[in-house]
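**Student:** The chain contents come next:
Number of protein chains: 2
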Amino acid sequence: MRNLLRTAACSALVLASAVSAQEPQTVSWEILADLTTEIGPRLPGSPREAAARDWAVVRLKALGLANVRSEAFTIPGWVRGVEVAQLTAPYPHKLHITALGNSAPTPAAGISGELIYFQSLAALQAAPDSAVKGKIAFIDHAMKANQDGSGYGPSGQARRQGPSVASAKGAVAVVIRSIGTDHNRDPHTGVTNFDRGAAAIPAGAVSAPDADLIARVAAKGKPMTVALTLTGRPQAGLPSGNVVAEVPGRDPTLPAILIGCHLDSWDLGTGAIDDASGCAIITDAALRLKAQGQPLRTVRLLWAGSEELGGFGGDAFAAAHANVPHALAMESDFGADRVWRVGFRLSEANKPLADKVAAALAPLGIVRGANRANGGTDVEPMIERQKLSVIDLDQDGSRYFDLHHTPDDTLDKVDPVQLEQNVQAWLAVLGIVANEAGPISPN
Amino acid sequence: MRNLLRTAACSALVLASAVSAQEPQTVSWEILADLTTEIGPRLPGSPREAAARDWAVVRLKALGLANVRSEAFTIPGWVRGVEVAQLTAPYPHKLHITALGNSAPTPAAGISGELIYFQSLAALQAAPDSAVKGKIAFIDHAMKANQDGSGYGPSGQARRQGPSVASAKGAVAVVIRSIGTDHNRDPHTGVTNFDRGAAAIPAGAVSAPDADLIARVAAKGKPMTVALTLTGRPQAGLPSGNVVAEVPGRDPTLPAILIGCHLDSWDLGTGAIDDASGCAIITDAALRLKAQGQPLRTVRLLWAGSEELGGFGGDAFAAAHANVPHALAMESDFGADRVWRVGFRLSEANKPLADKVAAALAPLGIVRGANRANGGTDVEPMIERQKLSVIDLDQDGSRYFDLHHTPDDTLDKVDPVQLEQNVQAWLAVLGIVANEAGPISPN
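So the sequences go chain by chain: A and B.
96 is the number that the working numbering gives to position 96 of the first sequence; each next residue is one higher, with no gaps.
84 is the number that the working numbering gives to position 84 of the second sequence; each next residue is one higher, with no gaps.
Hints listed in this document are in silico derivations from the structure and should not be mistaken for laboratory results.
Worth double-checking, as some hints may not be accurate.
The list treats identical chains as interchangeable, and a pair is accepted whether it falls inside one copy or across any two copies.
As the list claims (entries may be wrong) - Pairs of lysine-lysine residues, derived as DSS-like cross-links and limited to a Cα-Cα distance of at most 25 Å, are as follows:
#	residue 1	residue 2
1	K169	K133
2	K356	K222
3	K135	K351
4	K222	K61
5	K290	K133
Produce the complete structure using the sequences and hints provided.
**Tutor:** Below you can see the structure in the form of structure tokens.
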């Protein structure tokens, strides 16, 4: 069984009751609340992502940002379909399942087959092909919640690589335990990819309680069969796009500060923590910076599209603006909980700049981390292309993977107090780096 | 908005990770785990409830209980159907909805209509019929989590009475905020009833985040329309039944001790906390009592059927055993969290008995409450008919309504340590009352 309880260290914010309260009167809250309410889910390449771009252009112009525009690109997309699964033997149970992005479709009538249990991706990798061929592979795995989100890298491999490994061994479909740290009945979606040579097969994730059930039955040594209908399917050439805006600097010849978030979201929730909150945070901070007086350097905002299916927005932005010089990049894409650490990628010559930033953040309770910041998916292509400096404002990820890519990613999960702490941290950093006259360099 | 956060006082037990652990080797855990795994959801009147009765008879006999039998009755049942809802204007959103028990069906193609917002049942009651007629009524309401579960009475009226009130005013359907204290995306089902004169109409509950969304849109004054398909429908004459078993006493002429729980469950989860845990607790306690030596009085176990649709099992038991004398009744039907208080319904002459019970429970951290115990739904009909004494072992309900009647009512939500405390509390009480030679009387 999988039943280690953490009774005391409960990290989830839970809403107490349906008691009315005033909404915060901040730009960040308004962006977050309105985007999740008026648009909601915005899957890459979908009509709702397009509606979100239109919404963003109108809103960012209204807020007084400059050079607001939508920049189109197309993506190899994926559209969700019917998703239903049933454990049919030894005991009948409905399974709460969602398809992974890039899953191949089952026939509309579904498929049935033996469900073969693997305790981990490594166990699947070690299995002979004959144990998998013609079956539906189930990949279990452990994931622990922690402040820095470091469980996502290793345990997320079950989602990223698992389907491809199962396919290469001849599985007809694959089901994984959701990549998450909650025990709600809602599964976590997310993207997978099939390696060259591994045919795309239907791939889904079940909720943690459903995975527990499968693990318990497997532990009893009982053969399992499952009926699976997942009709989501890849669709090429879908329209997507970035939204870009600016706070123009006094000296347009100085390389700009690039700040990023992503506008698209998975479609199960309303994309509140992933990543409406990021766009809300960076935009409110940029506007507060502007309100303090025109900064020296231009601050360029990237609300990227199609991050969730593979970072296509970041790639498109780096390609489209390859010749527009930037100095430093930052991104907010880890929810809306408080910033607890700042990390840098700055040269030894820029140590005074880093010291100044760290000193400005200390009153917000933010500690200084190592000099190996990496930005985020949406700004990384430009960081690599232009060899940019980076500052990371690391957010508390203790409960992020309770909600990540689930129907539970909704507005009520955002704590306005922590959201505001993020904006203040971003403002503190922008106030320094956007007014830095000297060179800013990563090494 | 509805966004009061309780960050510190998070009551939910959350499972840390998929780390294997040994299952507890207790009868209570085995009953709970096996019933939720091998049977799972067991809606009153359904084939799965019948399978659960068969399972229970086999298990209780194997555990060494006496006179184990299934006692059939029929119920006015209800069967679940398709349940889909979409906010169609002013913004398109999928709503996470479930039908309430006794909901009338929509046509298979669903219905569409204006969604009219009421902040509470009282607001709906106060509205003129003209504001409701032909529309789909939405009933919002507040519910607070608390140890004694006392929020369920008042806020649950939105579910129990709301549909009937809406119907009487001419609503074509009704949607309520789930009766619950969580903020997961899963709605809470539960039974409603239509008063004489109020036609049954389609009735559903949306999850708290969906209700928040509706409340936010309503607060903006925007007209809302909703498309609703709820095909669940009443079905008369469904087969149900109780399972009864005994630990025979040394003196069969003494009135027995009746201990109850319910075997049926709502069908969204696996009925772990509602109420497999109750049956697990009372049965383990009865078996430990037996292991200590034959008690003076017979202890009669009632695993009632069809509690969730209206306490039909308790009614059937009271009618079938009207002439079998009982002295005192107890029930476990409030989850699996620790017992924190003991309540009595005992005569002044039985004060020494109550004192003895309270003293035996004190080492388990259980405080003494008032002398107004009421048993539970499954034993109440017999309490009323035979004027029985009652002892309540009140469980901590702080997180009960996070899970109650949702897909999240699964095995992983049960804390084995607290489950065991329940069994020990029950054993302490049974050891006293089942060996009481003198009369036991409620007043």
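**Student:** Classify it for me, K356 with K222: is the Cα-Cα distance of at most 25 Å met within a copy, between copies, both or neither?
**Tutor:** neither (62 Å within a copy, 48 Å between copies)
**Student:** When no copy is named, should K169 and K133 be tagged within, between, both, or neither for a Cα gap of at most 25 Å?
**Tutor:** So K169 and K133 pass the 25 Å test inside one copy only (6 Å; across, 60 Å).
**Student:** Is it within, between, both, or neither for K135 and K351, if the alpha carbons may be no more than 25 Å apart?
**Tutor:** neither (56 Å within a copy, 65 Å between copies)
**Student:** Using 25 Å as the alpha carbon limit, work out where K290 and K133 are close: within a copy, between copies, both or neither.
**Tutor:** Cα proximity of K290 and K133: none, with 60 Å in one copy and 52 Å across.
**Student:** Can you give me the call for K222 and K61, within, between, both or neither, at a CA distance of at most 25 Å?
**Tutor:** between (61 Å within a copy, 24 Å between copies)
Comparing the model with each earlier hint shows violations of hints 2, 3 and 5; every other hint is respected.
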